[in-house]
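Student: Here is what each chain is made of, one letter per residue.
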Amino acid sequence: MRRFTAALFLLGLGVMIAAIYQHIDFGNTAVNAGQEINAVAAGETGAANFVTSVVLAYRGIDTLLELTILFTAAMIGGMVLGRRRVDAPRDPDAGFILRTGADLLFPLLLVVGMYIILHGHLTPGGGFQGGVILAAAFFVPLLARPGIMLIDQRIVSLVEGLAGAVFIIIGLLAMFEGYEFLTPLYDKGELGALISAGSLPVLYLAVGIKVGSELAGLLAHLAEAEALD
Amino acid sequence: MNLLVLMITLPLLTAFLLSIINRASIFAARVIGPLVLLATASIGISVWSQLGAAPLAVQWGGFQAPLGITLYADQFGLLFALAITIGTLLLWPKSSENQLRSSSLALLLAGTGSGLALSGDLFNIYVFYELMTVVSYGLIAGRGTSGSFASTLRYLVISGFGAALALAGIALVYQATGTLNLAQLAQLSPEKLNNMQGFAAFVLMLIGFGVKAELFPVNMWVPEVYATASSRVSALLAGVVSKLALLIIMRLLILVFHQPEALTVLLVLGILGVASGELAAWRARDLNRMLAFSSIGQLGVMFIALSIPGNAGIFAALAVAVHHLFLKPSMFLLAERWGGSIKGLAGAAATSPVGAALFVLLSLSLIGVPPLPGFWAKLLVIMPLLALDQPLYYFAAFVILAAASLEANYLFRVVMKLYDKEPAGKPHRPHATADLATAVFLGAGLAAAVFMLVPLADRLDSIAAQATDVSAYIQAVAPQSLETGRVQ
Amino acid sequence: MDILDTNMILYSAAFGLMLIGIGGIVISNHLIRIIFGIALLEAGANLLLLLSTYHEGASAPIIVNGNMPAMMADPVPQALVLTAIVIGVGILALALSLAIRVQRAYGTLDMREVRLKLEQEISDEAGIGMPSSSDKPADIRKLPFNSVIQQEGGS
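So the sequence lines, in the order shown, correspond to chains R, S and Y.
Residues 1 to 229 in this note's numbering are what the first sequence lists, from first letter to last.
Residues 1 to 488 in this note's numbering are what the second sequence lists, from first letter to last.
Residues 1 to 155 in this note's numbering are what the third sequence lists, from first letter to last.
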């Protein structure tokens, strides 16, 4: 019975989607905010990568909220999973290939991650992408040697909170200067140089560190959760 | 007016820094949460008093609409932003071993709720909505029992499903109009969204945002969550958070989607919600789930009210929403000690007479007995329904009245058990002072509304009129930049 | 409308992913499959959002070596999808943590059994019996289906 209603529901959805298909004007979208942004972003924010200017400048508050979602998810994940019993059995260390590979990859991933974060306003990439790579950098050794965390959990939560606060404080600084919250500050610099686009690289750095520490903490918590017998 | 952004960002900042503050001084960490909420509530009240008739629009980051995101403060949005801030303050989580996390979550809830009520951009609303969902996961699962984890998981599945649908709806809107700013959407929607694509987008977003508003097909999470979460959390979720989700749907209905089919969908889902909620409440045998089903029914009434075209619909929905805002949290606070089987409540009035009397007052207002405000709220819904002179609307009015008789039945069943002469097995403990005080405070607000009915009604009417004034909305977000945004 | 038009293929992919995801959530009984269904559904919705302002032949909205490309893609959906993906990741991680705890508490990952045990827990806490229906014997109710997951050793 349940499968029948489920099939009926999917059929109804399919019909609705077929109806939508006939009405979507493919490839011919309206004159819109996006093209306007493409026209003015270089002048207003100084970032060569327009997606960065949208993420951090035009829609900076969305980025702040996204960080908050990650923060909350990590906090709740920690709360739900609880602490591991001290005498709980652990997985054994992984084989030779994984251990050596993890040791080799760790510095590489760190460098690549930081590069992507710092060049977010010039090339595709930015805080989120680089942050995920940083999280992977700390997680791969954990896979190779379960139980040995490279960074203490408390330091991770400290870095999380501070990085998020730095983001908001930069935004509030703009308010103190008389602008609105999260207006880009500082000199725009020369388009295409590493030091340019005002406070945008600093914001992305905070984002990258926060995302990296949060995801690393969350993944470590998940990996540390007691093995289910 | 820049201070308005502090209403959103200050609680967020405090939540981030709470664990660091805790290392410095435990007392400070305990106290700073309510202090911050007190500060943001006073900011909200001061902006409200300075607002006057013209709504206020602030741009995040100083970028002009439609490139940037608008923070739009009219009395309607400010009312609900204040409601969630003060509500979180009143229903602050009790001391427990997870106090730090509960405080962070409560602060995040207040900041997010304010942002949701005041936002003027479609995707910004979506992100605020997702954040509020994640925070409510934490609040529900914070109780720590296995039941709370299971109910959170069910809520997560339904909510994730709805969120992806809402995202698809936003994609359709963006494809058709090229903008996400509500003011510009209000300008463009008569030409661009008055078709099948617009209707599909509305239905998708309705299901998506309706998960929290306990809309008919996606409200299966409600009884389990309210039964397994702590009473304060249930009070917050049922009382305030569901109204915020309703506010989003109201804004979309007023500004963007003007099709009559949208109203029909709302009417049908509202009728189904009222019917299913009240019937299930009638059959419930424990107090928590009875209140949960009853809130589904009341939200169904609000959806029926929204389906009335024009200003009358928004006014009626607002009246029922504000009434429910005071009513449900108070009932859930009473259910803190009385949660459990209704049969076991026999004789509980002896141990807590004030609570029992309060429960009687709240039940009368819920059913809609004059002169209590619940009667006037339901009247505001039923009169326009009858005036519309169409069969479906007549049926809706009949359903609401039938639901009222069902409510009378099951609520008075509880009341008679409360005042039963022979007590049940073990006597109930009297209510905790904090809970009882807050519940009495909310109930007193309801009772006071009886005496201030006319000014209150006028105020709600003006709020609704300001909310439905689409041209004032567009005007406030600065029409000049919207003009340049439209021309390439 | 050419059936092999790029736009059609991409939109079909987006809607198809969404349908498969919804199918997974609605039909399946195993918790992990439901979570996978949510992940697929979100992937489909993200793809749909990216497709909303798709122009064939548009290049990335980045200024490379000082010159702006002639037709640039829309940066706004890219930023939106960035946000949506991160939100999805956070929610999936939460879902998995909750699934671990539920498995630990109830010993099963079958949604039907979890709901049954949840109902039992709520009823026990409230002190009332399990809800019964009128066309069923009035004793303990056995699960009418074969729980495949439990037979596989609960791994």
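One or more hints might be untrue.
[Unchecked claim] Covered by chain Y, according to a simulated footprint, are these stretches of chain S (three or more residues, beta-carbon under 8 Å):
| no. | segment |
| --- | --- |
| 1 | 103–117 |
| 2 | 126–140 |
| 3 | 151–157 |
| 4 | 340–349 |
| 5 | 397–411 |
| 6 | 446–460 |
[Claimed, not checked] Calculated lysine-lysine pairs in the DSBU-like style (CA-CA distance at most 30 Å, straight line):
| no. | chain 1 | residue 1 | chain 2 | residue 2 |
| --- | --- | --- | --- | --- |
| 7 | Y | K117 | S | K192 |
| 8 | S | K94 | S | K421 |
| 9 | Y | K117 | S | K421 |
| 10 | S | K192 | S | K94 |
| 11 | S | K343 | S | K417 |
| 12 | S | K417 | Y | K117 |
| 13 | S | K94 | S | K343 |
Simulated from the structure, these hints should not be mistaken for laboratory data.
Backbone N, C-alpha and C define an ideal beta-carbon position, used for all residues, glycine too.
Student: Hint by hint, say whether it matches the structure.
Tutor: So, going through the hints one by one against the coordinates:
1. Here the segment 103–117 of chain S counts 0 residues with a CB under 8 Å from a CB of chain Y, which misses the bar of 3, and the coverage is violated.
2. Counting residues of the segment 126–140 of chain S whose CB lies closer than 8 Å to any CB of chain Y gives 4, which reaches the minimum of 3, so the coverage claim holds.
3. Only residues whose C-beta sits within less than 8 Å of a C-beta in chain Y count toward coverage, and the segment 151–157 of chain S has 6 of them, enough to reach three; the restraint holds.
4. A stretch counts as covered by a chain when three or more of its residues have a beta carbon under 8 Å from one of that chain; for the segment 340–349 of chain S and chain Y the count is 4, and the coverage holds.
5. Proximity of the segment 397–411 of chain S to chain Y, defined as three or more residues with a beta carbon under 8 Å from a beta carbon of that chain, is not established by the 0 residues found.
6. Beta-carbon proximity to chain Y at under 8 Å applies to 0 residues in the segment 446–460 of chain S; the threshold of 3 is not reached and the given coverage is violated.
7. At most 30 Å may separate the alpha-carbon atoms for a hinted pair to count; K117 (chain Y) and K192 (chain S) exceed this at roughly 49 Å.
8. Between K94 (chain S) and K421 (chain S) the alpha-carbon distance is near 33 Å, which puts this suggested pair outside the 30 Å criterion.
9. Between the alpha carbons of K117 (chain Y) and K421 (chain S) the distance comes to roughly 35 Å, so the proposed pair goes past 30 Å and is violated.
10. Taking the CA atoms of K192 (chain S) and K94 (chain S), the gap is about 50 Å. The hint is violated against a cut of 30 Å.
11. Note on K343 (chain S) and K417 (chain S): the hinted pairing holds, with a Cα-Cα distance of about 7 Å set against a maximum of 30 Å.
12. Proposed proximity of K417 (chain S) and K117 (chain Y) is supported: the alpha carbons are some 29 Å apart, at most 30 Å.
13. Annotation: proposed proximity of K94 (chain S) to K343 (chain S) holds, straight-line Cα distance about 28 Å (limit 30 Å).
The structure fails hints 1, 5, 6, 7, 8, 9, 10 (numbered hints given earlier, in ascending order).
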